[in-house]
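Start counting the first sequence at 32; every next residue gets the next number (the numbering used here).
If you are wondering where the hints come from, they were derived from the structure by calculation, not from laboratory data.
A hint or two may mislead.
As the list claims (entries may be wrong) - With a straight-line Cα cutoff of 20 Å, these simulated DMTMM-like cross-link-like pairs (lysine to aspartate or glutamate) come out:
#, residue 1, residue 2
1, Lys257, Glu345
2, Lys428, Asp481
3, Lys248, Glu421
4, Lys391, Glu331
5, Lys321, Glu331
6, Lys428, Glu214
7, Lys66, Asp86
8, Lys93, Glu79
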Amino acid sequence: MQHFKGKYSELMSHLGYDPSSPNSIYEFAKRLTGKSLSEIVDMSRVAENIANKGDLGNMVEKYFFGYEPNSSPLPDFPRAGVELKVTGVNRKKNGTYSAKERLVLTTINYMELANEEWEASSLMVKCRLMLLMFYLYERETTVFFRKFVLEPRLFEFPENDLKQIQLDWQKIKDIVVSGRAHELSEGDTYFLAACRKGSGGIKETLKSQPNSDIRVKGRAFSLKVKYVNKIIEEALVATSHSFRQDTPDRSPLDTTNSELQTHKGELRISNPELPIPKENVGAVPTNEFKFLYSQLGIEEATRLKFDPFLGMTEEELSNVLGLFKQGKNSKGFYRSIVLKVLGSKNDYAPELERAGIEIKTIRVNSNWKPYEAMSFPAFNYLEIINEKWEDSAFHEKIEQRFLFVIFRNGEDGLLRLEKVCYWNMPFIDREEARRVWEDTRRRVKVDARDLPKSSESHVAHVRPHARNSRDTNPTPQGTKLVKKGFWLNQSYIREMILNLDN
DNA sequence: GCATGATCATGC
DNA sequence: GCATGATCATGC
Numbered sequence: 032m033q034h035f036k037g038k039y040s041e042l043m044s045h046l047g048y049d050p051s052s053p054n055s056i057y058e059f060a061k062r063l064t065g066k067s068l069s070e071i072v073d074m075s076r077v078a079e080n081i082a083n084k085g086d087l088g089n090m091v092e093k094y095f096f097g098y099e100p101n102s103s104p105l106p107d108f109p110r111a112g113v114e115l116k117v118t119g120v121n122r123k124k125n126g127t128y129s130a131k132e133r134l135v136l137t138t139i140n141y142m143e144l145a146n147e148e149w150e151a152s153s154l155m156v157k158c159r160l161m162l163l164m165f166y167l168y169e170r171e172t173t174v175f176f177r178k179f180v181l182e183p184r185l186f187e188f189p190e191n192d193l194k195q196i197q198l199d200w201q202k203i204k205d206i207v208v209s210g211r212a213h214e215l216s217e218g219d220t221y222f223l224a225a226c227r228k229g230s231g232g233i234k235e236t237l238k239s240q241p242n243s244d245i246r247v248k249g250r251a252f253s254l255k256v257k258y259v260n261k262i263i264e265e266a267l268v269a270t271s272h273s274f275r276q277d278t279p280d281r282s283p284l285d286t287t288n289s290e291l292q293t294h295k296g297e298l299r300i301s302n303p304e305l306p307i308p309k310e311n312v313g314a315v316p317t318n319e320f321k322f323l324y325s326q327l328g329i330e331e332a333t334r335l336k337f338d339p340f341l342g343m344t345e346e347e348l349s350n351v352l353g354l355f356k357q358g359k360n361s362k363g364f365y366r367s368i369v370l371k372v373l374g375s376k377n378d379y380a381p382e383l384e385r386a387g388i389e390i391k392t393i394r395v396n397s398n399w400k401p402y403e404a405m406s407f408p409a410f411n412y413l414e415i416i417n418e419k420w421e422d423s424a425f426h427e428k429i430e431q432r433f434l435f436v437i438f439r440n441g442e443d444g445l446l447r448l449e450k451v452c453y454w455n456m457p458f459i460d461r462e463e464a465r466r467v468w469e470d471t472r473r474r475v476k477v478d479a480r481d482l483p484k485s486s487e488s489h490v491a492h493v494r495p496h497a498r499n500s501r502d503t504n505p506t507p508q509g510t511k512l513v514k515k516g517f518w519l520n521q522s523y524i525r526e527m528i529l530n531l532d533n
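All chains, full assembly: derive it from the sequences and hints.
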């Protein structure tokens, strides 16, 4: 040990930090805050052509931390158990930041995942503790000049989220084990997702999966964009604090005690069956959504929150929740019911937001037929013709997880909260949606007035989605045409909600 | 009653 | 002013 120590301190002084100490690495990483690599490293040492687009993560490893980038299954700093993640943020109009993309954690090895257990999984081995560094993404700025605009974070999966993250991991594993790795979708899960690895396009090597001969595209475990946004909000708080005093703040994501304790005295138990750890009784309101999901996961928490309201008529819900329709045509009324039930204030459900969940309220007749098709944002005729399916907005939507809240008209003519469930589009229908999208793209080039109708596909069609007929977009034919978007067919929605189990 | 076109309500 | 979720209107 003595012998080693000498060499070790030499290494430390050479690197400028102690590679066996998370704190030392973190403190060292802070030196980049507010700066770009070009301001810190001796640029004469840099071998790469700085005009080239490169991977900033690799450059940080090589020139800032002083080790060669590798693809080891261990964390980047194995002695400290710290995995380095360098990730881009966009500046929003209001001066804050949002994630440029999902945070890719580690590649999924389908064959190995099938034999893994959570605690010893390759994901946990590599990413249990991560050092997150955020740079401002600007298209024109080469990587060496991009500034690290936020304080770095030493990040562990927050205690409140751990349950759901583990459930997500298990769900992905289950799909892989059942020989359906090719069907994986980001919408299968909530916080942790199996994202496509690589941008696609060029021929990529397909991988084998257990229990199926179908070769699969590469995927990686990732944290969803919306989830990363919350981490960034947290980093932003830390950054603004550090300008005043140099003490890192408590994580706003970790609300274990701070926030919940302010609710003391409001203890209400909506479901007596609910397992509640003894030490928590009395300390937290047990029917808070965020408490429920930290214990049970998002799906079960949602079920418990909605259970007491199922079967209530519109009027009963209105009275119980203290919500009143503004006018007869108040289109957000049913949505506000959903948010109120979930316990949100300000029409905002942070837990669902972070999971990238899209809430859809659906009114159906007594025969479960939706009164309306389901709309998605309008697309731009000139843009869609140059897009790839994988990068399209509709694809993004289709991959999401939805919360369907179904209001059904009874024989008595009263609308009741009938069913609440999570849904994401099955693989085979995503293929059909893709076909409709490709067909749309092709036909826009020919004549943007003639696009796929609902009679042409059982899944999706194209319809106007505009303020009025004067609300137009330019077409490749040089004309102006009313804005249109993709819609899911009524009959398709009916099929889906009838097949749901809960 | 369905398919399709047209528009509304809300929040930022 | 616009994006987005949601609903109305009309012709067959």
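Between Lys248 and Glu421, does the CA-CA distance stay at or below 20 Å?
Holds - the C-alpha atoms of Glu421 and Lys248 are around 13 Å apart, at most 20 Å.
Tell me if the straight-line CA distance from Lys257 to Glu345 falls inside 20 Å.
violated, 32 Å
Given the hint that Lys66 pairs with Asp86, test it: the Cα-Cα distance must not exceed 20 Å.
Roughly 17 Å separates the two Cα atoms, so the pair holds.
Hint consistency between Lys93 and Glu79 [alpha-carbon to alpha-carbon, up to 20 Å]
holds, 11 Å
Hinted pair, alpha-carbon criterion (20 Å max): Lys428, Glu214. Please report holds or violated.
The hint holds at about 16 Å.
Can the restraint linking Lys391 and Glu331 be considered satisfied, given a maximum Cα separation of 20 Å?
holds, 18 Å
Between Lys428 and Asp481, is the straight-line Cα distance small enough, at 20 Å or below?
Status violated; Cα separation ~23 Å.
Lys321 and Glu331 were given as a pair; does the straight-line alpha-carbon distance stay at or below 20 Å?
It holds: about 12 Å lies between the C-alpha atoms, which stays within 20 Å.
Hints 1, 2 from the list above are not met by this structure, while the remaining hints are.
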